[in-house]
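Please take these sequences and the hints and turn them into a complete structure.
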Amino acid sequence: MLDKKVIELLNDQVNKEMYSAYLYLDFSNYFKHVGLDGFANWYEVQAKEEMDHAMLFVKYLQNNNVAVELAAIAKPDVKLTDTMTVLKAGLKHEEYVTDLIHTIYDAASKVKDFRTTQFLDWFVKEQGEEETNANDMISKMELFGGDARALYLLDSELKSRAYSAPSLVL
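To convert, take the position in the sequence shown, counting from 1, and add 13; that gives the numbering used here.
You may find that some hints are simply not true.
[What the hints assert, rightly or not] Cβ-Cβ distance ranges computed for the label pairs, FRET-style:
| # | residue 1 | residue 2 | range |
| --- | --- | --- | --- |
| 1 | D95 | N148 | 14 to 24 angstroms |
| 2 | K45 | L156 | 21 to 31 angstroms |
| 3 | T116 | K72 | 15 to 25 angstroms |
| 4 | R162 | D25 | 42 to 52 angstroms |
If you're looking for bench data, these hints aren't it; they were derived computationally from the structure. By construction, the Cβ of each residue, glycine as well, lies at the ideal position given by its N, Cα and C atoms.
See below:
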């Protein structure tokens, strides 16, 4: 039986992951609108990943006989004014999600819920990768964004990113 506070945090994380998908879909729409199809593809893949992350939390709760409580998903409120603003908002959001995962991990650890901490181990590692990717996007834009040819090549590189579902066994 999962701890009440841990259940609350896990249920809330479903909503946070769905919000992340909305946010990244908004980023994808922005990049599509400004003609950076590779960046749009990159964030579309991110949106799909976040939907899968939400479903992993749903399945974990279901597998532990816990009712999943779905909540309304907020509209993204990031003002998308330029490419760098979007990329920095992506990093800030990933840092926020990392904090959320750490909060759940801490709550589960305090009640010696080893099953949940083991489940969350994958997300801790994933968040490290997500923050690295977001930082890399910013660094590449700082290096190449001012040169139209280099930006074109970077955008073309990002077009090749393909979606692959997470391989987490519940």
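Right, here's what the structure says about each hint:
no. : hint                           : in the structure
1   : D95 / N148: 14 to 24 angstroms : 18 angstroms, holds
2   : K45 / L156: 21 to 31 angstroms : 23 angstroms, holds
3   : T116 / K72: 15 to 25 angstroms : 21 angstroms, holds
4   : R162 / D25: 42 to 52 angstroms : 45 angstroms, holds
When held up to the earlier numbered hints, the structure conflicts with none and fits them all.
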